[in-house]
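With the hints in hand, could you dock these two chains into one complex?
Protein chains in written order, with the working numbering: chain D, 1 to 353; chain A, 1001 to 1108.
I should point out that these hints are in silico values taken from the structure, not numbers from a laboratory. A quick note: this is a predicted structure, and the numbers were derived from the prediction, not measured. Please note: incorrect hints may appear among the correct ones.
Unchecked claim - Quick list of the computed label-pair ranges, beta carbon to beta carbon: (1) Asp95(D) to Pro1086(A): 20 to 26 Å; (2) Thr1075(A) to Ala6(D): 38 to 44 Å; (3) Gln1059(A) to Val76(D): 27 to 33 Å; (4) Arg1018(A) to Ala265(D): 44 to 50 Å; (5) Asp1088(A) to Ala14(D): 35 to 41 Å; (6) Glu22(D) to Ser1103(A): 45 to 51 Å; (7) Glu306(D) to Val1058(A): 47 to 53 Å; (8) Glu1056(A) to Ile301(D): 36 to 42 Å.
Heads up, the beta-carbon is just placed ideally off N, CA and C, and yes, glycines get one too.
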Amino acid sequence: MEQPPADVPTERKAALLRELDERGRGAGPEIAQFMASYAEIRRQVTVANSEGLFTGDDRTRVRIGAQAVARRGERVETGAETLGGHRGFELFDGDPGATAAAAARKALTLLDAGPTPAGSMPVVVGGGFGGVLFHEMTGHGLEADHVQKGASVYTGKLGEAVARPLLTAYDDGRMPGEWGSDAIDDEGTPTQKTMVIEEGRLTAYLYDGLTARRQGAASTGNGRRESFRHLPVPRMTNTYIAPGEPTPEEIIAEVERGFYAASFAGGQVDPATGDFVFGVSEGYLIEGGTVTRPCRGATLIGNCLEALAAIDAVGNDFEMKTGMCGKAGQKVPVGTGQGHVRIARMTVGGTEV
Amino acid sequence: MAVGARTKGVQVTELIDREVARRVLERALAHGGGLAEVFAERSAGLTLAIDESRIESVQSGAGEGAGVRVVDAGTTYFAHVDGLDPDDLERAAGEAAAARRSSRAAAT
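Okay, chain A solo, but in the shape it has when bound (with noise of 0.2 Å):
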């Protein structure tokens, strides 16, 4: 896995800021696995369609959200949350550390 990747620019896009990260991922890692990543997006567009030569359709859409995984032992424990709260993102965290302890749980 690649470690301090570049990027574009001097400014990294952050949309979480380096604390809410740490936190986030020391959550997901509070009761253990090998690997934590939080993805967190912001997206924003536009469409428009002409059909029968009228400007049909003028739609905008934007989203923001945040997904954290847990990787265990080639197992996938996955939770996401709309918006970019840090405290809902804590939870998605927690989920996702919760889900991977039961699941171990019910394999002993």
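Chain D on its own, in the form it takes in the complex (with noise of 0.2 Å):
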């Protein structure tokens, strides 16, 4: 870590807020109202065990967040987007502006969205918070808690083929700087890249100490805890798809008609069935292999299984992103990406017809 957030004064904390501000108001005289918000944590943790363990970690995490509310007439639309990691304020020596910006970008793009067509296409996801459909419908799967339970349409299918062969996936705590990645996790397991699908085929899930115990597998380090007051449960790290071969416009290019979801918000999923349910709040038509007009009010039905069956090409891109993921009453920072990913054929709802 470069610059401690510790050692930055807070006036420079301040100066970063109203560049945030600057820019997310100047990307339109239609921007009606803007905020946005800087977070720091440092979170240092001693572990010990009666096996013989005695390990420590030190942990820094710095965020920003903007969000921005476009009005036109009686429309009000709103956009958002975040950058963080598991890293000092060198973090914002770029561009911070830049997600001030894209904030602004999605809420002023929102205000020229019509209705989204109804049916059966195929749809492709973006990068970066398109990550979240994975980790909603695919990674919540794969924790070992869930599958031993019987509440994981993935119980019982280690070695079978879930997807196609394009497709390889993993969870990997390790990745440097990114705001899942922590050196060991909350039982004081180092935390590792693990392949989670390969080449189409389920290959690991992700364990805890308990869960691993109880399977007579090891730890994949996925043990973690939102603080002192909570148990530790098996959870995600940094979750994704791996990058494939065609471009994101090769990918898009073959779509006659279809839909683009660029970002989600909101969603059910059943654990029994693996049926699911995600509102899009960023998304676009696809009409002669190029994305149009962006729609509003879009849902992605579908299921797990044949969602993750259906993917057909995977995208040479890569945008990790950065989440709170909640699960057993409790949050802890995970990192969802992708690259832009295709699903041959996928239900989606929306009022034309």
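Given below as structure tokens:
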């Protein structure tokens, strides 16, 4: 860590927020409101157990968030963006204002959004925040406590093909500087890069100490807890579909009529069946191989196993985004990410048939 | 379970020293049990926000505490305390051990 946040004067942090504010409001006259936040947290831990383990860690995270509200007449739309990492203040040496500009752009774009077409069609999921789909529909299903309780559609599927051979996915707690990374988990087990899907085959679950013991397996370093007041449970760290071959443009060019989902907000997965509904916070039509107009109020309706198996293209781009994942009444920082991914066919819920 | 995990750098972050940890774990397993663990934590944070172009709130927070758990045949007994006073940690260990003992007594 190059710039411990504790060594950075508060005035510099305030100046960062003012810079975000200028960039956000300056994005266009229709930006009606803009808010931004800065957070730094340092967490020191020491873990000892009766098997002779004695270890510790010193973790610093920083994060900025921006939210913009755009207004045109009666119509109001919002956009949000974040930037964070398991790093010091040097994370903001680049162009943090771009975070504000991105939030504003999303809000402004939605002012032009039209109704969403309803029906079954190819869906291209964007990189970065698009990774939330994989996190929700597959990631949680690989957490060993869900698997062992039978509350996962991936129970009993180790070794089976769950996706096409073009898809490989990881949970990686070691990605340098990423929001979901730590050197050790909250049981003192070193984190690791776990390949959960290898060329379409399910190869690993994510274990903490207790679930590992139950299985006669080794902990994968996924035992995480929000604080000393909570018990550890298997949690993701940074979870992603690894980059593939084609460019995003090539993937989209092959779609005659479809939907492009750039970001998600809200959703539900039924753990017993794998059926899900996700709200799309930023969506567009794809017409004749090009992304055209923005859509509002879209949902994606599907099933975890079917959607994963229906991914027929994985792009060569990649971006990780920050998130707070809630489970068992506690939140931990996670990274979600991917490049562009295409699902051959999926039901898009909209208002225009 | 990992034993002797690697850590960043040479120095292990020691919020409690090894002797305190040893006593706490011993107390936690005083009435038996499979595995005991003590997890000590100190956190400090700062948040700032801007709204209506005004720096709105500067909040800093800090806290420390520890959780002790005893795991026995798939059941977990857990107690946590604020602060890192060794006496408080031993008390938490005693609570976890007592919870296990009374749970087993109730089962027979």
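Hint check:
no.: 1; hint: Asp95(D) to Pro1086(A): 20 to 26 Å; verdict: violated (48 Å)
no.: 2; hint: Thr1075(A) to Ala6(D): 38 to 44 Å; verdict: holds (41 Å)
no.: 3; hint: Gln1059(A) to Val76(D): 27 to 33 Å; verdict: holds (29 Å)
no.: 4; hint: Arg1018(A) to Ala265(D): 44 to 50 Å; verdict: holds (47 Å)
no.: 5; hint: Asp1088(A) to Ala14(D): 35 to 41 Å; verdict: holds (38 Å)
no.: 6; hint: Glu22(D) to Ser1103(A): 45 to 51 Å; verdict: violated (59 Å)
no.: 7; hint: Glu306(D) to Val1058(A): 47 to 53 Å; verdict: holds (49 Å)
no.: 8; hint: Glu1056(A) to Ile301(D): 36 to 42 Å; verdict: holds (39 Å)
When each numbered hint is compared with the structure, violations occur for hints 1 and 6.
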